[in-house]
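Residues per chain, in single letters:
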Amino acid sequence: MTPESTILAAICLPLAGALAIGLAGRVSPNLREFVTMATAGCLAWLVWSLLPLLMAGGRPGVAVGELMPGLGIAFEVEPLGMLFAALASGLWIVNSIYSIGYMRGNKEKNQTRFFVCFALALSATMGVAFAGNLFTLFLFYELLTLSTYPLVSHKGDAATVRSARVYLGVLLTTSIGLFLPAIIWTYTVAGTGDFVLGGVLAGKLGDPEVGLLLALFVFGIGKAAVMPVHRWLPAAMVAPTPVSALLHAVAVVKAGVFAITKIIAYVFGIDFLFDSPSSGWLLYVAVFTIVTASLVALRQTNIKRLLAYSTIAQLSYVVMAAAILKPMAEVGAAIHIVAHAFGKITLFFAAGAIYVASKKTEIYQLKGIGRRMPWTMAAFSIGALSMIGVPPTAGFVSKWYILAGAFEANNLVAVFTIIASTVLNAAYFLPILYMAWFAREESGGAEHGEAPFAAVLALTITALLTLAFFLFNGSVIELESQVVRGLD
Amino acid sequence: MLSAPLIILLQPRGLAWAGATAAALASFAIAVALTIAVLDGQTQVYAMGGWPAPYGIELAVDQFSALVLLVVTGAGAGALLAARSSIDQQIEPERQPLFYSAWLLGLAGLAGIVVAADAFNIFVFMEISSLSSYVLIAGGPDRRALPAVFKYLIMGTIGATFYLIGVGLIYMMTGTLNLADMEARLGDVTELNPILVAAGFITIGLALKAAVFPLHVWLPNAYTHSPHMITVFLAACATKVAIYVLIRFDYMVFQSKLDDHATQFAQFLMPLAILGILVASAVAMFEGHLKRLLATSSVAQIAYIILGASFVSESGLAASAMHIFNHALAKGGLFLAVACLAYHYRDLRLDQLGGAAARMPFTSAALVVCGFSLIGIPGTAGFISKWLLITAALESGPLGWILVAVILVSSLMAVVYIWRIVETLYFSDSAKGDIAVAEAPYPMVLVTWLVALLNIGFGLFPTMPLTLANASAALLMGYSG
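Chains as they are written, first to last, in the working numbering: chain A, 1 to 488; chain B, 1 to 481.
Calculated directly from the structure, the hints in this document are not laboratory data.
One should not assume that every hint holds.
No more than 20 Å apart at the CA atoms, straight line, and that leaves these computed lysine to aspartate or glutamate pairs for DMTMM-like [said to hold, decoys possible]:
id, chain 1, residue 1, chain 2, residue 2
1, A, Lys360, A, Glu450
2, A, Lys109, B, Glu423
3, A, Lys155, B, Glu423
4, A, Lys204, B, Glu395
5, A, Lys359, A, Glu108
6, A, Lys155, A, Glu108
Okay, chain A solo, but in the shape it has when bound (with noise of 0.2 Å):
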């Protein structure tokens, strides 16, 4: 296949994958999970195998048509959309697993409508990964919004229906009300808006009003959560936990953490806006969400509450990581997309073994169980050490380049934010892990050992994977360093 169908092949695949699944939901669940499965291990080899091109320095892309003059649908994969679609595209297969386990444990109803909006979503992300302009970028934000939707609000019932409305709410809200302003001011000032290495719009856009559209861009992008819009990343924790943990810890969420970066790095240009004095409140917006995030994720009692707000801090460290405007630090951004990942998607796998062996969903509840459940709680373990930032996890990594690129910047604010972050994760995790392993379980609690075997795999699976990302991260860093290459 030539890399172009490879690509239309990534993102209709779910589609059509989506289609069989609704067509499998009425014969059997067994052939649907199959159709599933078959789906996700078919787009991971597809994404996968566009990856020696791109070692290679290969910029496949594909134009789909044109609406009007300088306004196209059109793909192309580069070194970060690259590791986003096959993150994305890897997770999803682990996660599918587990979504197996976890949503027959738990005997939800509409199990079919679950896993076709799943595809669905898979589809849109495979989408805005290898957007090649900004208006297919959003075309396909959009549409990782609705469907993501049903998932969201999968329980039906009015609370549920009420946070799915925020999620819904925020997300098209700042999409529609500062996104799209901000598409279409660049294509008016650009004349273009296709993704250029170096940026497009140096030289095009005076002093004040660069700081501006970084503001539309940044704050309209409500997927990355940063404060004031993360409003919807709390609410949305009603989903079901698959969903919270490849969407709303993967998928959604990096969306927009990705769309930012890309547009630092392609729209505006590093270059560029270090030049800008105006854009410079970026760094100090990512480091209050850091901060404020994390102070509140150490008052949350429910687990998952938790996980999200500590999504949120993490989150506005790829921003930071961006808005250092570093080549390191830029390398930092990315890997740490990839780290956080590993880390809080087995963070939240185990949230949802813990409820459905358990139905315990609060961090009080959780005294004693690490002996109840061994592996989970070891995996568990593994993630909050990756998200504070101990070796030998996959955060270190991360917090490492960003470190260096702070450094590289001579930007203490951003330095003292990590370490400052560092000490809070430490103080949220911790404590969990005490009570998990050491303290004496509460007598009068329900009988229960592990969680179904599936979704026990799959916690251990990305247990694993952000053990091994710690020792083998020298391709995901030489791919990314293509992005910046040449700026030093």
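Position chain B relative to chain A; hints supplied.
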């Protein structure tokens, strides 16, 4: 080819559904043929009875008329194709031939307005279309349609009279009724005050007909209580034809001859458009009746078209023309889906429609697609016109940012009211226990889906309407030179 409009004018005899549909389809085919003919910029002219203009009655089709003609005949043909079962349910058999002939008259009237090249024939066709639409709206089983139609009748007549007064004044000053001739002769008129008054009368009269805020009060009730298929037809094209005449008059005739006309026109209509967009969208957000909600949203959408026109720029006019086309697609599709829903649900209040998606999955899905188009989600037709409108607003100087904000805020309001429908259909519990799948008759669903797919099709490949819209904008702005 040149005699094409003639067929549209054929007086329908008491034809039943098949005849009416065939006639509507034929006129749609002719409209398509005409569109192809004018795509290269050639205006098609036909002098009725062989008398040359300016004395004879002249029919002319340029790109702008072609675009609107497509919308009118398309809406007529589409609605008629789907209408059979719905009309069977709502109108007793012996009145049906009368009903269909009134419908064809309305279609002929609207199409006639679009192709007519002189001011008086526009008035004649306007009366034909208005009178038949009174009949159509009142023809349903809903008795509440009668007061609604009475209101419409009064306001429509006032509008038409205003228009006629304006045309009379111009005739007094120029001695001609032919639009092109009028434009030419206005240059010789020295006393411009009567013309100014005429411009005022015509603009306001047509604004009434077009339901421009705050002259829109007749519209929600008329749309809500008319037979469902008539709502489809009227919502898709009736008001747009009035806007068409408004734009044509103001740009073609007055623009070049009256000093500062552009500014006056913009200053008069732009605030109304902004108010209309915001107020109508806000009202729609809190409306509990599905049809009335969509009707109220129409008022806002019409205001978008007016807003585009009030930029007095080529990009603004192109956005307007485009929105005429795209809104017809979106709203036509929505009302078609409503008609399908109404086939099984007598009561169209939102709280009665809970869980309807389980019973009518295809209809509901089509409704969602058209709803997205109305909001302007990318990938649908509605997005294209929003994009054009925002681009045009950005070009119109510092004020543009406020306009962009208005457009965006109202888009968000559209999200709210469309989402209320979606949530009702999909995520609230069924009012009644049984959830057996019971779709509307398949022709209705088929046409609804056709329109829904067109919404996506023209959202991804908008070249055809875009070419027409750009050409019409260039044409209209050309007169001011």
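Structure-based check of all given hints:
For the hint pairing A/Lys360 with A/Glu450, the CA-to-CA distance comes to about 13 Å; that is within 20 Å, so the pair holds. The suggested pairing of A/Lys109 with B/Glu423 holds, with an alpha-carbon distance near 18 Å, which does not exceed 20 Å. Of the pairs offered as hints, the one joining A/Lys155 and B/Glu423 holds, with about 14 Å between alpha carbons and a cut-off of 20 Å not exceeded. Restraint check for A/Lys204 and B/Glu395: the C-alpha separation of about 16 Å stays at or below 20 Å, so the hint holds.
Note on A/Lys359 and A/Glu108: the hinted pairing holds, with a Cα-Cα distance of about 14 Å set against a maximum of 20 Å. Distance check on the hinted pair: A/Lys155 and A/Glu108 sit about 8 Å apart at the alpha-carbon level, within 20 Å; holds.
Hint compliance for this structure: no hint is broken.
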